Each structure stands twice: as structure tokens, then as C-alpha cells.
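In order, the protein sequence lines correspond to chains A and B.
Going by my numbering, the first residue of the first sequence is number 1, and it counts up by one from there.
Going by my numbering, the first residue of the second sequence is number 1001, and it counts up by one from there.
No wet-lab data here; the hints were simulated from the structure.
Mixed in with the good hints there might be a few duds.
Said to hold, decoys possible - Subject to a maximum C-alpha distance of 27 Å in a straight line, what follows is the list of computed DSSO-like cross-link-like pairs (lysine-lysine): (1) 308(A) / 1061(B); (2) 40(A) / 308(A); (3) 1058(B) / 308(A); (4) 40(A) / 258(A); (5) 1058(B) / 1137(B); (6) 1058(B) / 1078(B).
Said to hold, decoys possible - A few chain B residues that don't get close to chain A, going by computed Cβ distances all over 12 Å: (7) 1024; (8) 1051; (9) 1062; (10) 1079.
Unchecked claim - Pulled a few chain B residues facing chain A out of the computed Cβ check, cut under 10 Å: (11) 1004; (12) 1005; (13) 1006; (14) 1009; (15) 1015; (16) 1016; (17) 1023; (18) 1028; (19) 1033; (20) 1089; (21) 1109; (22) 1117; (23) 1127.
These figures come from a predicted structure and were not determined experimentally.
No residue lacks a Cβ here, since even glycine has one placed at the ideal position from N, Cα and C.
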Amino acid sequence: MTMGNWLVNHWLLVLILVVWLGLNVFLFIYTFLTYEMSDKYYYTREILGTALAFARASALCLNCNSMLILIPVCRNLLSFLRGTCSFCSHTLRKPLDHNLTFHKLVAYMICIFTAIHIIAHLFNFEHYSRSQQAMDGSLASVLSTLSHPEKAGNSWLNPIQSPNTTVMYVAFTSIAGLTGVLITTVLILMVTSAMEFIRRNYFELFWYTHHLFIIYIICLGLHGLGGIVRAQTEESMSENHPHNCSESYQKWGTHESKCKHPHFEGHPPASWKWILAPIALYIFERILRFYRSKQKVVITKVVMHPSKVLELQMRKRGFSMEVGQYIFVNCPSISLLEWHPFTLTSAPEEDFFSIHVRAAGDWTENFIRAFEQQHSPMPRIEVDGPFGTVSEDVFQYEVAVLVGAGIGVTPFASILKSIWYKFQRADHKLKTQKIYFYWICRETGAFAWFNHLLNSLEQEMEELGKVGFLNYRLFLTGWDSNIAGHAAFNFDKATDILTGLKQKTFFGRPMWDNEFSAVATAHPKSVVGVFLCGPQTLAKSLRKCCHRYSSLDPRKVQFYFNKENF
Amino acid sequence: MGQIEWAMWANEQALASGLILITGGIVATAGRFVQWYFGAYSIAAGVFICLLEYPRGKRRKGSTMERCGQKYMTAVVKLFGPLTRNYYIRAVLHLLLSVPAGFLLATILGTVCLVIASAIYLLAAIRGEQWTPIEQKPKERPQVGGTIKQPPTNPPPRPPAEVRKKPSEGEEAGAAAGGPQINPIPVTDEVV
């Protein structure tokens, strides 16, 4: 049952995956068969065997995947697609949110094909070397002695021309070999610095090292220049067709046989044809980012909140946002090249946009410190964005379940503020009838800046008489016996002692099964959107609950799960 | 980039190099390439490096994600004390291990990657990092009754307030435990 539910929610993602895998398999097999069966490679196969086909097939797949890998990271392009697709149902826009996952999948595929490609070529080099040194007068050794640049013009087959040349020498003196080693080294460096552990904890290292992809692209374009993979020319096939002449190789070129020596030619490089378009797209994307970032950003207000949280309110000409979007921020005085993502915490209805920055690493700590100085002038910052994530969908659902863990509550700060404004203006376009908001947090200090917002919302709800609209629960997971003691002691008070809000703080983690079944019972015919900004483990439990409590009948309650990811 | 612990990246890079050495070595040995014995060496070196680098060291700040099942290797690596703790030694070790693999084309990629890992370890060592094992936290057995310091000094049933002795302020925690509680009203235990 759960598989059925999952498929209904994710059919487009599955389709894209299947098409991509199918494309890879098709390209691989098609190229493999070409090199394994085709006559013009008959003599090449004589020396190299099946390794030739493996190398060429994996090469084509590498070209294809290298083309695909740049596209998911063109976030301005993707934003544009999302915008034009606003009339599509949420299922169609879902795949665009998984762009980074697709990028990683393609990267893994590139690694797999690189391994196949290198291993196959190692065998190829070894076979070339052996047949050059072979003294047994076999077809392979005869083919290997076919000569060098002469008046017959480059009709050689074996790139190893002398028995003294080692494979190492050929590898490092050919363009293909040199670019090959360089490209693989760069690929490995990019992959090791992009491991989740490194990326999450040392973001700058990942960011800078990943720009080595420029070397990857350049080397890929140059890799095929040497024309080492050679096929028999058309002209030569008419004088020396393998089916007729391969047996009589000892008599080639003599009076006894009509077969002449075969001539070979290399391929022109093909990689550039695959990667040119995505490179152009990506260059355009970077220019666009640069242009957008150059627009002047005016900082209108700076607030230091407890627990080292910095709020920045800014204005920029032509900037317009939707709820829950994020921006990239660059501060040249801290670091010229680094761009860090932050969720917008302001609502679209406000005349400024704001972010809340928490000290989580080198850059953020320096950033906060720069603004703490009251006497020096405020540092200049650049902003790129906004870029959309799923939070824009939240008003499309009749019922919304919002879950924020720790600082992951920030997109929802934007949403709740927006609701406040929509209420004030009595905006009837709001489809949302009910919101369940869960904030799960470890320590009380982080509540402080959000307090004010929830306080105002509480009052607002009371004034408008719509107390049931926003249903929120605050969960404190880092409690100890002290805090629990205090809470028990103050049980009778009307407001919570930690937050001053009417809604009491819960301790521990929410029991999702209870929550979901309560929501399902309360709204048996609605479509419920579940939005999470938080850790993967929480995503797993929520996703499971969504599948479990969605009924198979599309007219009854349906839970759709959406996760924010950066 | 001040807070980057280079050793963490060096560890990932060295682990990857180990795997590449093993793969290259297998190809060279299975294909009986020229000088394939370097391939055999490469497999052995690769396995050794993977075992050495598998247990991740502890980060200086924040929590560290362990690799799956690394606690067994952590115990072994810990045994060598300063040899494995010090990153200068690791840098030199990796540099030396990479040299023989550099003679064979099949394994030279492993050499290049391992040399880079060695360089990063050198950088880590210069910045004073060192390898600290991730220890298993002993499971804290909940102390049953550990916070109960004194038995209640005036449990119910209590006589009315005027008969009751007024509990003085400082009597809270250090209250006179003394002997057994003397109930002002006789109490019968009705539990079966």
C-alpha cells in the first residue's frame, strides 16, 4: 500500500530517473556493439580485443553525463522554469526541487563510467605494448609495425611505435593520457571534498575545491585531440577488406595478393559537441548571478538577538520575493568569493527583506562580528536571489502541517508573518483553512527572536476571533530535570514560563503517529501539505507517516511531504 | 578558512586513494601486465591504507559522524599511540607508500591521490591537528533513587496545622533524618 502511495506522489521523479538510466544503458550498449561488431574496427580489435568497446562505450556515457551535470546547478534557470510553471500542479514542480540530488546521481554515474573507462584503457595500452614487442609474426604484430608519419600519411594503428617505449611514456606524452590523469585527479578531489561530512562541516573547502570543475571541463574538451583510437579508412576498406584479407596478412603489399596495407585514421574529438551548450548555459548563469549581485543592497536595520543570532533587514531595487525563498549572501570584506545561502525570514508584504544569521562556522562568525562593531562602518554586502523552494506551495493546501527543527524554522517565520499580513488585509485568496505548526528546538535561548512574532500572532488571532486557524506546538528536546521542575511548578499559570506564550511548551519529541492520525481524523477529505525544514531522520519519520495516513482513495485525506534542502 | 580541519579532508582523500590503489593493483595483477608485482604491492598497500584511514578522528568542535562499524578499527589504531596520532608521521608514511605504486601506469593514479593526501596531512600537522579516537560513551545507567536525598520529613497523614510543627527554612535538604519517622497518628498498612 505504501509503495502505491509513494508512486502516486513521485511518478514524475521516477520517470525522469528511468529515462536517464535508460539513456545511459542505450548509449552504452549501442556504442559497445558498434565497436565490437563494426568492420572498420576489425584490425583495431585484433590488437585490443573487447577492451576497446568498453572504453569507447563508457566514453560516450561520460560525455552524456558531463553534459547533464551542469544543468541542475543553474539555479536561476531552474527558478525561471518554476516561475513559468506556476499553473502546473505541485507534482510537476517537485522534480525541480531535487536538482541537487540529480546532480549527485549524475556525479556518481560519472565516477562509475570513469572507472570502467580507465580500466579498459589500461588493458588497451598493455595490449598495444605487447603487440609492439611481439616477435611472433602474428597479425597483431604486423599491424603494429604499420608505420609512422610518412608520405603515406599517418597510417599507423599502434600508438606505441617502438619496442622500447613504455606505456608510462606514452600515457604522459600524449594529450589523451595527460588530460586523462589530470581530469581523474580533479574528479577525485571534487568528490572527496563533496562528501556529506566535509560539505556540512567545512562548507568553504567544498565550495572552493568544487570549482576545479573548470579544469575538468577544459581537460574533457581536449581529451580526444590525439586521435589515438583509430579506424580503418573507407578508402582502405576497398583495397583491404578484413573479411577478405585478414587471413593473408603476411602477403600484404606483395605481388601475390591484391590486398594492400590497411590505412587508419583517428577520430576528431567529440566531447566538445556534448558540453558546449551546458557550458554556455552555465556561463550565462554565472553572468546573471554576477549582474544580480551588483545591484546595491541597503541595510536598513541590524538586530542582535540572544544566542548569537543576527537579523539583517535590507532593501534592494527590483527585489521581490515569495514566502520561504532563500538568497545567497556575499560579503567582500570577509571573503571575496564565497556565497552562503540563507532563508528569508521576512514576508513578501513587508517593504524590506530580512535574514537571521546564526554563528555556524568561519564565515558566519566573522559576518556576525563585523556587524557587532558599532563604531566602524557597516560592511557592504551583495545578494543573489531569491531562489524558490517548496514553501511557496504552502498556501495551495487547505491544511498545512509545518515542522521546523531548530534554526530550520526560518522559512516558516516568513510564512507565518505572511499569514499575519494576509489576515490584516483580509486576503480571501488564502486557500489555507488551518495550519499546524511544530517547532522542535533544543535550547530555550533560540526562542527569543521568534517569541515576538508568535506573541503578536496570538493577539491577532484573538482580535479577529479566529483562534483555531493557527495551531502551534513548541517542543523543547534539550530539557533537564530543572526545567521540567519549573514547568511543573508553574503549571497553573496562564502563560508558559519559558516563552510567555499562551500555548504551553511541550518537552521531548512529538509523537507523530498521534499527530497525524488526529489531523487525518479532523480533516477526512482534505489535501494536507506537510513541510519540513530539518534533519534527515525527521524527514524519514514524517515521510513514513505521510504514506501511512494518506488514504488510497484520492478523494479522501492525502498527505504530501515536502522537504527543504540546501 | 581558519576553522577547517584539514585532516578530515586528508582522511577522505587517503581512503579514496587506498581504494584506487587496490583497484589499479587488481587490474595490473589480473591482467598480468608488465611488472605486475608492483600491482600486487599496490593491493597490499591499498588494504593497509584503507584499514588505517577507516576510523575517522574526532573533530575538535562539534559532533563527529562515525563511519559504520569503525569502533573495531579505532581500537587497533589507538594501540599505536603517537605513531597514528601524529599527522607528520602519517604524511611521511603515505608519501613512502605511494612511491612503489608510481612505477606502474595502472596504479599511478593511486600514487597521485595518495601524494595529495600526504600533502594535506602535512598541512594538518603544521596546524597542530592530531588524531583523536572517537570513544564510546559509557551508557549512563539511570540512578534509581539517586536524587532522593532524604526521605520526606513530614509525610501524610498529617495532623492539622496547629498541632503540626512548623518546618523551619533551613531544614530542607539537610533535615534531620534521624531515626524512623514517628507518626503523630497511628497508621495501619492496608495493602494486602
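Hint check results:
{"no.": "1", "hint": "308(A) / 1061(B)", "in the structure": "17 Å, holds"}
{"no.": "2", "hint": "40(A) / 308(A)", "in the structure": "69 Å, violated"}
{"no.": "3", "hint": "1058(B) / 308(A)", "in the structure": "25 Å, holds"}
{"no.": "4", "hint": "40(A) / 258(A)", "in the structure": "19 Å, holds"}
{"no.": "5", "hint": "1058(B) / 1137(B)", "in the structure": "13 Å, holds"}
{"no.": "6", "hint": "1058(B) / 1078(B)", "in the structure": "12 Å, holds"}
{"no.": "7", "hint": "1024", "in the structure": "8 Å, violated"}
{"no.": "8", "hint": "1051", "in the structure": "18 Å, holds"}
{"no.": "9", "hint": "1062", "in the structure": "7 Å, violated"}
{"no.": "10", "hint": "1079", "in the structure": "25 Å, holds"}
{"no.": "11", "hint": "1004", "in the structure": "5 Å, holds"}
{"no.": "12", "hint": "1005", "in the structure": "7 Å, holds"}
{"no.": "13", "hint": "1006", "in the structure": "8 Å, holds"}
{"no.": "14", "hint": "1009", "in the structure": "6 Å, holds"}
{"no.": "15", "hint": "1015", "in the structure": "8 Å, holds"}
{"no.": "16", "hint": "1016", "in the structure": "5 Å, holds"}
{"no.": "17", "hint": "1023", "in the structure": "7 Å, holds"}
{"no.": "18", "hint": "1028", "in the structure": "8 Å, holds"}
{"no.": "19", "hint": "1033", "in the structure": "5 Å, holds"}
{"no.": "20", "hint": "1089", "in the structure": "21 Å, violated"}
{"no.": "21", "hint": "1109", "in the structure": "6 Å, holds"}
{"no.": "22", "hint": "1117", "in the structure": "9 Å, holds"}
{"no.": "23", "hint": "1127", "in the structure": "13 Å, violated"}
Comparing the model with each numbered hint stated earlier shows that hints 2, 7, 9, 20 and 23 do not hold.
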